[in-house]
Amino acid sequence: MGRSSVPDMATEDLPTLTVQQTRALEAFADTIIPGCKRGADDDAVAGVSATPGAVHAGALDVLRHPATGISDGIAEMADTLDTLARAPGGAGEADQARSFADLPYERRRALVAELTSRANPERDFWFLLALFAYMAYDSSPHRPTAEVMRDAGTGLRAMGFGRPDDDGLWRFPVASYARELAAVHPQTDENGNLP
Amino acid sequence: MTTVDAVVIGSGFGGSISAFHLAEAGASVMVLERGPELGAQDFQHSFEFGSSSTRIFDFTAGDGMSVLAANCVGGGSVVYFAAMPRVPGFIFDRRGSLNRRLWPEAITRESLDPWYDRVARALPVRRHDWDEVSYAGGLWAAMCDHAGHTANPLPSAVDTDLCTNCNWMMAGCTQDAKRSMLLNYLPGARKAGATVRPLHEVQRIERLDDDRYRVHYEEIHPVDYRESVGSGHVDCRVVVVAAGAGATPVLLQRSADGLGELPHAVGRYFSGNGERINVAVIDDDAVGSTLGLRRRPGLAYGANQIGRGPVVSAWDNLDPAAAEFERFAVEQLYFPPGLGTVLADTGEAGGQGWFGLGKKEMLSEWASWLLLFELIEDDNEGVFGAPPERGNAERLSQQLLGRGTLTYRPRASTREAWARADAFVREVITEPGFGTVTPWTNDLVGAYTVHPLASCRIGDDPAISALDDTHELRGHPGIFVVDGSAVPTALTVNPSNTIAALAERAAPHIVERLRSRGVDARYRGTLPTEERA
Ligand SMILES: Cc1cc2nc3c(=O)[nH]c(=O)nc-3n(C[C@H](O)[C@H](O)[C@H](O)COP(=O)(O)OP(=O)(O)OC[C@H]3O[C@@H](n4cnc5c(N)ncnc54)[C@H](O)[C@@H]3O)c2cc1C
Numbered sequence: 184m185g186r187s188s189v190p191d192m193a194t195e196d197l198p199t200l201t202v203q204q205t206r207a208l209e210a211f212a213d214t215i216i217p218g219c220k221r222g223a224d225d226d227a228v229a230g231v232s233a234t235p236g237a238v239h240a241g242a243l244d245v246l247r248h249p250a251t252g253i254s255d256g257i258a259e260m261a262d263t264l265d266t267l268a269r270a271p272g273g274a275g276e277a278d279q280a281r282s283f284a285d286l287p288y289e290r291r292r293a294l295v296a297e298l299t300s301r302a303n304p305e306r307d308f309w310f311l312l313a314l315f316a317y318m319a320y321d322s323s324p325h326r327p328t329a330e331v332m333r334d335a336g337t338g339l340r341a342m343g344f345g346r347p348d349d350d351g352l353w354r355f356p357v358a359s360y361a362r363e364l365a366a367v368h369p370q371t372d373e374n375g376n377l378p
Numbered sequence: 002m003t004t005v006d007a008v009v010i011g012s013g014f015g016g017s018i019s020a021f022h023l024a025e026a027g028a029s030v031m032v033l034e035r036g037p038e039l040g041a042q043d044f045q046h047s048f049e050f051g052s053s054s055t056r057i058f059d060f061t062a063g064d065g066m067s068v069l070a071a072n073c074v075g076g077g078s079v080v081y082f083a084a085m086p087r088v089p090g091f092i093f094d095r096r097g098s099l100n101r102r103l104w105p106e107a108i109t110r111e112s113l114d115p116w117y118d119r120v121a122r123a124l125p126v127r128r129h130d131w132d133e134v135s136y137a138g139g140l141w142a143a144m145c146d147h148a149g150h151t152a153n154p155l156p157s158a159v160d161t162d163l164c165t166n167c168n169w170m171m172a173g174c175t176q177d178a179k180r181s182m183l184l185n186y187l188p189g190a191r192k193a194g195a196t197v198r199p200l201h202e203v204q205r206i207e208r209l210d211d212d213r214y215r216v217h218y219e220e221i222h223p224v225d226y227r228e229s230v231g232s233g234h235v236d237c238r239v240v241v242v243a244a245g246a247g248a249t250p251v252l253l254q255r256s257a258d259g260l261g262e263l264p265h266a267v268g269r270y271f272s273g274n275g276e277r278i279n280v281a282v283i284d285d286d287a288v289g290s291t292l293g294l295r296r297r298p299g300l301a302y303g304a305n306q307i308g309r310g311p312v313v314s315a316w317d318n319l320d321p322a323a324a325e326f327e328r329f330a331v332e333q334l335y336f337p338p339g340l341g342t343v344l345a346d347t348g349e350a351g352g353q354g355w356f357g358l359g360k361k362e363m364l365s366e367w368a369s370w371l372l373l374f375e376l377i378e379d380d381n382e383g384v385f386g387a388p389p390e391r392g393n394a395e396r397l398s399q400q401l402l403g404r405g406t407l408t409y410r411p412r413a414s415t416r417e418a419w420a421r422a423d424a425f426v427r428e429v430i431t432e433p434g435f436g437t438v439t440p441w442t443n444d445l446v447g448a449y450t451v452h453p454l455a456s457c458r459i460g461d462d463p464a465i466s467a468l469d470d471t472h473e474l475r476g477h478p479g480i481f482v483v484d485g486s487a488v489p490t491a492l493t494v495n496p497s498n499t500i501a502a503l504a505e506r507a508a509p510h511i512v513e514r515l516r517s518r519g520v521d522a523r524y525r526g527t528l529p530t531e532e533r534a
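Chains as they are written, first to last, in this note's numbering: chain A, 184 to 378; chain B, 2 to 534.
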């Protein structure tokens, strides 16, 4: 049937990020799905949740992935986050916050809400950044899903997503209460439709 | 130079069914499909970038309306949930806010039933018993019953003997349990001589002379769909446009220079089939004790992930005597993580409950979610803006995500209909204490639809329809539109069965046009025989 085999994703050079840019993007991802700190000196993760969040799940790997179409722009977005955090009258207090990651969680959340709101003409970019950070947690698109399910601490496990069989396919042999749970509409015809 | 009798653009329901009948009639047929070709052995249970779930899927964000659709040979039939109800008869009398009949007089439920019957045999489509209903569908039925309502197992095109209830349907069915076009009409069309060209995206149609058209395409990179790797054209006597309701108007608009003036209704009157999703987080104790449901000891439900999409619908509000916009259905639904959870909202004060700590907590109960899918009668409010330079949308990521030109501003008629359906869901779930219910946020991408319709619709009135009742584009003989864009209104049920039945009904008319253009073709009225890999 001339079906195509699975081609590899295009491999381009991954974007290079400074330590500070990485920190800002991690703080952004941690605002989308917050997690616990990775260590005592982890100041990108705000630490408002007791369990791993988007950063732990690999948000930076997703954001840097060429498939997203935004990897070229994330360094600049990281810088913008820091600039906005410093802006007088902005989300941070000019004398305290030197970067986005310096903001407490509530302030980070307020700024992200503003950036992704309809009122922001540039919301498309921020929404995509938020979407991919979010997906790192809830679907980990940078890795095969069956492999993700072997790691405790990924979002899919925390959500209670079921495990696949050994061949990497999901099956639910028992899937029904198997009894009549409501009367069907009185007008239902022999094909199961309304007239 | 390539010349065929008929070019078919797109290989979903409309395209595959048309290709089959034209090839069976003896015409030479070429199907141009922008997406890749995958089959059961290629489909994967994975959310990974570049796996089948992103290769065959398409999400186009618009202004106030985003469209989810397919991008592969077989089109939406490969990614769909295969719920295949027929449209209730009163829909064909809809008048909308224009207060004019929107469907052609020639089409009623009675006149369409023989065509639905053919689709039912070809796929096949059948009704299901309660032991084939997933836990999620069963729970929805039981709650409806508790509220004094009926609930119906949805007819479907799933072979439940083969189905493993994996709910990976959007990534393609690894079991061939889901009856897609890959298993019937497409192999049938090929057997009758049609050729199918995957990764060929049509850009525009040009009129050559009184009875010939030229279809221009670009060849698409197999991984990075933003890249074109070649281009060409095919000449033909008849063009069947079946690119789906999010794409057909775009490529017709771009063709205006080469075709001449298009009917006013091209790219107008788009309907999202009135869709809206609510998320219920189910209280397991409450449904266990009040409804007597038990999945296993100590667990009544917790089965969001298990099943095969929507399998039960509440149809009590599809009352023919009720006024337009007051009739709606609510189906239970499944959507996988990723696009299926990001729009879920906690409803917390201050808004923007789609992200943050509260959202993480909501996600921790994901297994207890029940998605409710409202299908109201919307008011055809969508309008397409000027087309992008190429393709159907500006592609943002290598696969999957794009930014389109559709604008949608729901009128009060539509908003009030959604409010009524929301109230019904609360009546059935919240009031008896079975769980909390919140609607998906519209803040991020506006409304959204998996059922794009009506953007190039059939009708009797040239002022408000682009196609006559044979699906021929007004003023452009030899161009037919046979896909969801031809369906004039929201349906209150899943649309594929109707798109397929309309394609069956249009086929003899398209063959007739081929004959009038000197092609030795004869409509045979055959149906494809089943193929399984
Ligand atoms: C997740 C999901 C679940 C669904 N579940 C159901 C369900 O249970 N029941 C139901 O009835 N419906 C369901 N649908 C809707 C159903 O898939 C569509 O209504 C149906 O496929 C529309 O058929 P169509 O012929 O209009 O176009 P499509 O099936 O969308 O086919 C159009 C084809 O044209 C191709 N194309 C687009 N542009 C071009 C171009 N420029 N050049 C060449 N090719 C092009 C596309 O890649 C696609 O393959 C679902 C949809 C989704 C997304």
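In short, the hints are calculated from the structure, not lab data.
Careful: at least some of the hints might be erroneous.
With beta-carbon atoms standing in for the labels, derived distance ranges [unchecked claim]:
hint, chain 1, residue 1, chain 2, residue 2, range
1, B, 265, A, 351, 31 to 39 Å
2, A, 203, B, 233, 14 to 22 Å
3, A, 203, B, 261, 25 to 33 Å
4, B, 233, A, 305, 34 to 42 Å
5, A, 297, B, 362, 48 to 56 Å
6, B, 530, A, 301, 47 to 55 Å
Where a beta carbon is used, it is the ideal one built from N, C-alpha and C, also for glycine.
So, going through the hints one by one against the coordinates:
1. 265/B - 351/A: 31 to 39 Å: violated, 51 Å
2. 203/A - 233/B: 14 to 22 Å: violated, 49 Å
3. 203/A - 261/B: 25 to 33 Å: violated, 58 Å
4. 233/B - 305/A: 34 to 42 Å: Since residue 233/B and residue 305/A have Cβ atoms about 38 Å apart, the given range 34 to 42 Å holds.
5. 297/A - 362/B: 48 to 56 Å: This hint is violated: roughly 23 Å between Cβ atoms.
6. 530/B - 301/A: 47 to 55 Å: holds, 52 Å
Of the numbered hints listed earlier, those contradicted by the structure are 1, 2, 3, 5.
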